[in-house]
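**Student:** Taken in order, these protein sequences are the chains called P, U and S. Residue numbering for the first sequence follows this note's numbering, starting at 195 and increasing by one per position. Residue numbering for the second sequence follows this note's numbering, starting at 28 and increasing by one per position. Residue numbering for the third sequence follows this note's numbering, starting at 311 and increasing by one per position.
Derived by calculation from the structure, the hints in this document are not laboratory data. Incorrect hints may have been included.
[To be verified] Which residues of chain U face chain P? A partial, calculated answer using Cβ under 7 Å:
hint	residue
1	Ile66
2	Val69
3	Val272
All residues carry an ideal CB built from backbone N, CA and C; glycine is no exception.
Here's the letter readout for the chains.
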Amino acid sequence: MTLLGRRLASKPEMSRPDRTIILDARALARALQRMAGEVLELAHGTDDLLLIGIQRRGVELADRIAKLIEKDKGTRIPRGALDITLYRDDLETVGPKPVIGETRIPGELAGKHVVIVDDVLYTGRTVRAALDELADFGRPKRISLCVLVDRGGRELPIQPDIVGERVKVNSGERVDVLVEELDGRDEVNLVRQGAPA
Amino acid sequence: MTAPPLGKDLVGLEDLSADQIRLILDTAEPFKEVSERPIKKVPALRGKTIVNLFFEASTRTRISFEFAEKRLSADTVNVAASGSSVQKGETLVDTARNLEAMRIDMVVIRHPSSGAAEFLGNRIRSNVINAGDGKHEHPTQGLLDLLTIRDKHGKIDGIKVCLVGDVLHSRVARSNIWGLLKLGAEVGVCGPDTLLPRGIEELGVCRFRRIEEAIEWADVLNVLRLQLERMEMGFIPSVREYYRVFGVTAERLEKAARPMTIMHPGPMNRGVEIDSRVADGPHSVILDQVTNGVAVRMAVLYLLAGGRPELADAAKGPGGPE
Amino acid sequence: MRPLLLKGGRVIDPSRGFDQAADILIQEGKIAAVGTGLGTPDGAEVRDVRGRVVAPGLVDVHVHLREPGNEDVETIASGARAAAAGGFTTVCAMPNTDPVTDNQAAVGFIVRQSVRAGLTRVYPIGAISVGQRGERLAEFGEMMGAGAVAVSDDGKPVVSSHLMRTALEYARTFEIPVADHCEEPTLAAGGVMHEGLVAARLGLKGIPAAAEEIMVGRDVLLAGLTGGHVHLCHVSTRGSVALIRAAKEQGVRVTAEVTPHHLTLTERHCERYDTHAKMNPPLREAADVAALRQALKEGVIDCIASDHAPHAYDAKEAAFDDAPFGIVGLETAFAVAYTELVVGGILGLPELVHRMSTAPAAAFRLPGGTLQPGAAADVVVLDVTARWTVDPAAFFSKSRNTPFAGRALTGRAALTIVGGKVAHQAEAPAGS
């Protein structure tokens, strides 16, 4: 399915349909399973692992990955949520202010290996904001980045340590991640900009 | 997802819609969390200059605003302007022009004349936040009172709130009345007729002449400070009489049918409008009001702080954070 | 001075119940003849006033001209010019100048300044009490001798009932009205607008209607007791109207005036803290406006007076509490009254002319308000079809504080003649 998605993604824009499914529910679940394994490997176990999801859907994904690791290892993995709105570098220009979600960091960051989890990595500015915000909470031993989709188009020197799926995206398109908890189904779509969400 | 705008200034709750008020309260919640962090600062208003322009002495409101501003990383300047009644008007116009000339981003103003915040807001491009203008409104106090009620009772719609005391001279009372009515609460006022404004019932507020009746009816009592000048001006015969007849005392509350939430905008005259035992008692949320005050003020500053929407379109293209 | 013939207008002279098309001949500063088919004397200037209304020059018994003391906001000359532009040939200037006009020298000064200006006649009103301090009577006789036509402490109320009584009694010697600004000071103290729902919402201290009515009641009782003539300034409440009506029915010698703004605006104009709606007495409720209109129609209120009160532009640029009370009114009075009352169907034009010329002259026993042959040629030619928009920048007054800025009005003075001399001539409006 992902191969098909990639082939569709590289077709010329004119004949592109509004919405293409890149990952369906099963593919997404498989990707998360693989990512969970890579997280364990990266963190050399669970002792000082802390998963922090970026609002909004990063939080649900972090939760899923944590549960997969817990099922595997039997130990509780602490997880938190981070809303980066107040650290956005475009807050000045964005006009009506965005709604701020919940930030919830369990315990101290010192000595922890924090794995930031987000749904889509694009310009890198969200991750930069997340790093700034985490710095105001404390100084973790190490911070890694884990994303479900890397769509390229970086504007900052930020790279993920763990990726679920790499997607080539043309101008005028975006990647939408839907999760069961918030949207009723698990899916990753390539959407033509201007098409209804 | 972006939220509906609030306009340039916050002058009063009378001008806001219920949705706008709810927006501010909802925005205040995450700011409460910021005040619990080890580093109580976020960069949201970094580089903004905010002037606290206080023509009336006020420690608590000014400090609350200052914390809110600093926790948003803004640069703050405190101006304690004296207003002798001869110079008040002139000072305000000239002050407005000076601030405009210095390109201040936001002004928080407290002034003894009703309408002063709107007067300033109409004359400068900076955002103007009313921290209390004469007897007109004190919107951030009204908002933090609403937030406190919502936290305690889970909602505002249908809650019965009675304002007790000098409603006539109280800007806190007016802001409370507007905010509560717009969010669906039932509002009452209680005090001697000399301290209640004529026509108050036409706003949709019920009045109680005896504190016992108010206690029987209300879920929440918001007890207003009795200024001692009122006695000198003949509105009440004496402070002692006021306490005897209208004081919110532990004995009176014991007779209440259900536990009463007790609020007070501060500073309190213990033993005049309110008993110490009540103020310090289990149903008092007076300290929560103070905590909520900083969060509400952060929310207001955050929501008002100018965006430049013409640049927002550029931000929407590739280059927006994802 | 050449003779002047005003030809073909509709002549309304309320002093004789005259209302028909006629010509008016003015010679040597007096009305020489009124009628149709008047011949044109040699050398006469002829003005075609067809389509216009020719009336006795308007009379305003209550203006503040600020000279001496505040010449930067108005002088007798600028005020007289503004009055002429408004169609007034006579105005009475209140004595709350700086220093107060409470002696014959001060009264004489105003008379001389009026003559120097050579436009609308400015008659001084002398103070009731020395310095308007409410303690001792001023010298009514000396002031009358120097040219005063009435006495008043306007700006302030006469607080002491004893002083008001003695003033009414003493004024009988000179047959002058004692004009009172009716305001009970302890009730009104600190108030800046009408006490009512709008004040409650805006958080402003109110002046209750009772503050005026208490003094109106007192004044008509004292007028009844003394047989003196009391004139009530700027009546603003329906309660006052009821008291005046009852007093007149009992034969008390009371006259009363109302301003164009109290006939038009309400407390709602104070919303958004607009200081151009701040005056004393304040703008009241719709029911008060209705009662005042009815009272004017019935004659319970005798006349319209502007209470023209100039203020510097930056004085009004202040928080509502701090701004001074008062608005200018000479240049908008007739147009506001015509638009709201005549076009609005409440009064006929002859009734309005009566209330703005004949009646005020009669109330203060002044010459004027008549086009009787032999009377001084104080005439106004009104264009009641002219539609114009109030532009304070175009005022002849030095001050601009009006709540009517930008308002579209109908009616203006096309020509104002004082003693046979043209004091004001409007530019012809487009298309006339």
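**Student:** Could you run down the list of hints and mark each one as holding or not?
**Tutor:** Each hint, compared with the structure:
Using the Cβ-Cβ criterion of 7 Å, the hint placing U/Ile66 at the interface with chain P is satisfied: the shortest such distance is roughly 4 Å. The criterion of a C-beta within 7 Å of any C-beta in chain P is met by U/Val69, whose closest approach is roughly 4 Å, and the hint holds. Among the interface hints, the one on U/Val272 is violated; its C-beta lies about 46 Å from the nearest C-beta in chain P, farther than the 7 Å criterion.
Violated hint: 3 only; the structure is consistent with all others.
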